[in-house]
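Trainee: Protein chains in written order, with the numbering used here: chain A, 1 to 306; chain B, 1001 to 1420; chain C, 2001 to 2388.
Bear in mind the hints are in silico, worked out from the structure with no lab data behind them.
Heads up, the beta-carbon is just placed ideally off N, CA and C, and yes, glycines get one too.
Each hint should be verified, as a subset may be incorrect.
Residues on chain B that point at chain A, a partial pick, calculated with CB under 10 Å [as the list claims (entries may be wrong)]:
1) G1057
2) G1058
3) T1070
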Amino acid sequence: MRRQRHGLPMRIAVVLGTALLVINGTFPLVWMMLTSLKDENELIRIPITYWPEAITFQNYVQVFDQLPFARFMLNSAVVSISATIICVLIAALAGYALGRLNMPYRRALLTGIVMTSMFPALVLLVPLYRMFLGMDVPLLSPLVAFLHDLGMTFMPTEVRTPNLLNTYWALIIPYVALSLPIATLILTSFFQLIPRDLESAALVDGCTRVEALFKVIAPVSAPGVVTAAIIIFVNSWNEFLLALTFNTAQSMRTVPVGITMYQGEFAFPWATISAAITVGVLPLVALILLFQQKIIAGLTAGGVKG
Amino acid sequence: MRRTLALIAALALVTSGLAQTPLKVFIGGQQRPDVVGPLLEQFNAQNPDIVATFEVGGATSDVQQQYLNTVLTSRSGEIDIFLIDVVRPAQYAASGWAEPLNQFFDSEAAMMAYLDDFLPGPIEANLIDGTLYALPAFTDAQFLYYRADLLDKYDFEPPTTWDELKTMALTIQQQEGDPNLQGFNYQGFRGEGTICTFLEVLWSAGGNWVDADGNVTLVTPEAQRTMAWYDDTLASGITVQNIAEMSTDLSRQQFQAGNVVFMLNWGYAWAHFQGNSPQDTVVAGKVGVAPLPSFEGFDSATCIGGWQWAINPYSENKDAAWRVLEYLASPTSQRTLAVEASNIPARESLYADPEVLAAAPHFGDFYDVIVNARSRPVTPFYNDVSEAIRFPMNAFFARQLGADEALQEMQRGVEEALDF
Amino acid sequence: MSAGAPYLRKEGLALALSPATSAYRRPGLWRRLRSGNPTEAQLGLILLIPAALVLALVMFWPIAQVLWQSLHFERLNVPARGRPFIGLEHYQRMLWGSDMTWDVRHLLGWRLLAFAGAAGLWWGAARGVARWRTALVWTVVALLVAGLWMGYHPGEAGRWNDARFWNAFSITLLITVASVVGSFLVGLPLALLANVESRWRWLVRIALLIPWAMPRVLVGVMFAWLFNYTNGVVNDLLGRVGIAGPLWLSRADPAIWAANITIVWATSAFVGLILLAGLQSIDESLYEAAMVDGASRLQRFWAITLPLLRPSIAVALIFRTLTAIQTFDIPFAMTQGGPGRALETLGIYVSNTTNSLNLGYAAALAVALFVMSLAITVLYLRWIYAED
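Full structure from sequences and hints, please.
Mentor: This is the structure:
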């Protein structure tokens, strides 16, 4: 990577800008962490205090004591990771098709894919709930019932979808569908950017299409794939409404829903919730950071460009 | 191999003989699953043919309602029994979302005799046109909390009229000289609590949101008097200017930090003030509870609260569910809820119960207030009516609407809501 | 591409890429699939099948139900009226009013703006900068919407059937424009900074991700606390600098500011992330070549960075706008849509309507949101894929 010689004013601007933006991004989280180290009573003092008077880890103990938070994190992790992997694969295929292949009606297809994000999740909730509760499959069920009545008694009287509530699939499947539009759009635009010569050069050099895919296209599209994966992961991790409605058993709850369960009807135990948020967010951030660094490192080491 | 098969067959026979009905009870996170859980376990022990488990939902009324809406709109029998807010039974009755309970009694008279032990307020909400839709789990009301130590210091008795309250609050504020001390705190946010803020003063002026013929009466001298009172609280300085963002718990926290003289709030606050709270309390032992003041010549009034048990009409085990319901509404269970969870009992007899009074002596004070608690509008369109009243009220507190404009909007909104 | 090399011919695609000779008739789809020689379009369709399948199975049914529902009357707490088919009556209630009159002076500013846009496009087309078709389409749209429809308003004795909808619509529009612009203004510098090779890059990346990694509901509650008049950090800091803090959440205008600041804070990370990925794909050699040619930093930015970022900007723009149109979590968590009706967005209005069990109308509102989103997306996509 280049190392530019920045002039002094430029450097000052960069440092200042960086400082401001870092504060902007981290201040609330730092505030959360400081809050989580305070005793609850400190929070309603006027004037407010910033640094805790006496650092206590009691809130963190409370987080895991009061509710099975570790289990919540496991559930969120399983659901988010699965959704990410599945969604990235499907979106990569779609992105490749729409981004590199000469397809007719490309804009219309893209619009169609993006259309599914245009409805608020709230109105889709009841139909989705019914689907995962178990319902008659619209075309298949009457057909099978008809055949049964005709005398083919080995046929069942109806075909129902299974009751998937309170399983991981109840969340993984909708999350894949919910994140598919954005993942597809991102990957489409990234695949578009890859110059055609790269591919043809590899093919001329004697690669098969599959080899070309792995050795040439994949590394170059890494930023796009990583971005899409991060977005799908965070979207799935933070999703609230479906997680609240579909997985209601205590053992199947996810982190965002779990965090809200510390509060009472009117009471909001801020210190405990701050601790819960900190615990819930930090692993996420650490994971993403690690992931992103590794891929970017791989990219620069490969020296694929030029 | 044959032995394993025989074992399996034997097991199957045994378990099929003990066919257990699984039931799921849905309660919110704030309804003390740690207390309800053991109750259900006791029930299971006494009734081996039923296995009742509970499911904990989100911690606020909104979130729980959201979930129940989804389940019931989908006609799902996933949960058999649920807790609903006191304002919901009428809506549930109209939507067919609560199984009528009359069928489980031998006769009309038997049902009325059973309901006799309950307080009139909750029953009024649950008994609609002679059909019982839910049984009370516990009740609640808004009380006037006050700083007994401050009132004693200035030789004041708890106020019986609003004017008295204002005078006392002003005096105490001026004499104490603390800029952070609020004279009178109540809920002005956009949420459900604000409708009580409006109705309680309206009732105490002798008015009501509807008259005997069913006409909506929100643009009346009584209503104007209500708005004038609230305007006064803001103008005179006994109430903070950001009252439009004051939620129930924010009020409670500010009183608990010692910054408020008089406050309107629900029963849950008491336990917090005495120390059973995540936040520290400055006011333990210094809190008094009184009925709400009224205008000269009129009776005090307060809003009723509390939650009710209901049966899902799409449940496949309604008879079993009834047995659980009966158990949960029984004096024993209610006593447990009162003693361990500080839930205000819905049964009259429990207010004389020594165990209850030992655990919560303030219930004695509460009784006078609770027995006169009035229902918020009992209508299938409660959601719309509530929004029609509290949104303009919130706008009034936010200085977006004048008093008369707000009342006009309330009137129009409620009329539209009921115009079906 | 040599058409003679046998290993290339096996790939089949090479065949498709090579210029077709007129005497050679292309085999049909099945033949092609079986022999492993699909055309690009056919391969593309095959690759799209998984995506189409997932979306069709999971989303098609619910969306179809919503569309169908919006044409029916259904209030669950009025079961006696059943579920009659009422066609577009919901939309009429939503968009129209009683005693409607037409007046030239109503909403004159907006309408003139629309016509000015049309005029600009005609001028641009004449100069060769824009396309004639775009100018024509825009003129038709301006005539219909701005010229005709916007002139209607309720007269003296009438009023909008659903004033609450129009209020929610304008709030949503305001929040959409403000938060989209805001999140780009914050997101682009964030991305640029995160791309700069420096020791603190990891810190900037954390700062980039954290706001977005927090669950939306909690961000709302947290900022409501930060903006609290008496106990909030914001007013405390302002007080220390000597400025009297405003009544953030108790008055309409400050509340809109507070909500937008919160939304921008939470979503600029998303924009930044996508732009960062776009920045990382830009070839270094382009900058080096430009520097050799003597281009200044600003020139490099305008001429190289921005144009090459266009696809990323477009993606971020589309999804940021779609999310902004549906804004619910943050205003609801902060003030439940208040104070008054200052933060009642369409998303909140839909939620309230659903809770009132007015399912038909809620579906109609959702469809209104959908139409708005669709219109904007189509415009955006035309912009990115203008070359098509």
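Trainee: Hint by hint, note whether the structure agrees.
Mentor: Cross-check of the supplied hints:
no.: 1; hint: G1057; result: holds (7 Å)
no.: 2; hint: G1058; result: holds (6 Å)
no.: 3; hint: T1070; result: holds (5 Å)
Comparing the model with each earlier hint shows no violations; every hint is respected.
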